[in-house]
Amino acid sequence: MRVMEIPKWGTYLREQWRASFASHLSNEEQKLIGMDGFLWHLCSWERVKCFAKDEAIAAFNKQSKIKCTIFYQFIDEAYLLENARTLTVEELPYDLYDMYHSDIYIMDWNSKWTFIMTHESELGPYFIQKF
Numbered sequence: 241m242r243v244m245e246i247p248k249w250g251t252y253l254r255e256q257w258r259a260s261f262a263s264h265l266s267n268e269e270q271k272l273i274g275m276d277g278f279l280w281h282l283c284s285w286e287r288v289k290c291f292a293k294d295e296a297i298a299a300f301n302k303q304s305k306i307k308c309t310i311f312y313q314f315i316d317e318a319y320l321l322e323n324a325r326t327l328t329v330e331e332l333p334y335d336l337y338d339m340y341h342s343d344i345y346i347m348d349w350n351s352k353w354t355f356i357m358t359h360e361s362e363l364g365p366y367f368i369q370k371f
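With the first letter of the sequence shown counted as 1, position 1 gets the number 241 in the working numbering; the numbers rise by one all the way through.
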């Protein structure tokens, strides 16, 4: 697996994520469900078909992960992963108790799928796949 830090890409990747997975909602609808604060509200408010909890983890683990990005909700730190076929949930740079690293998004380079772990232990993780 090859991991490259891509500094300052967080804002760009969050906007790509929003365009790829929430474009069926208007800006007003996104704001109404709190996506200005947390993108993952798309899932918790059931505004997209997704897997949750163990089903989400299983779906993520099945993905080939040839090329994907990792980014966070509140910081611009981001990573590009190549040949990450064996990447599992346990290996993700996620820290539930660190405000800046507690909402993590993994997105396929071609935006075919995304996996999200939230700071809310009772909500998520979530997995969205576009068909």
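Source of the hints: derived by calculation from the structure; they are not laboratory data. There could be a bad hint or two in this list.
[As the list claims (entries may be wrong)] Distance windows between CB atoms, simulated:
| # | residue 1 | residue 2 | range |
| --- | --- | --- | --- |
| 1 | Asn-267 | Lys-307 | 27 to 35 Å |
| 2 | Asn-267 | Glu-322 | 32 to 40 Å |
| 3 | Lys-289 | Asn-350 | 34 to 42 Å |
| 4 | Arg-325 | Asn-267 | 34 to 42 Å |
[Said to hold, decoys possible] In silico DSSO-like cross-links for lysine-lysine, where the CA-CA straight-line distance does not exceed 30 Å:
| # | residue 1 | residue 2 |
| --- | --- | --- |
| 5 | Lys-352 | Lys-302 |
| 6 | Lys-293 | Lys-271 |
| 7 | Lys-271 | Lys-248 |
| 8 | Lys-293 | Lys-307 |
Just so you know, even glycine gets a beta-carbon here, dropped at the ideal spot from N, CA and C.
Item checked: Numbers of unmet hints, in rising order -> 3
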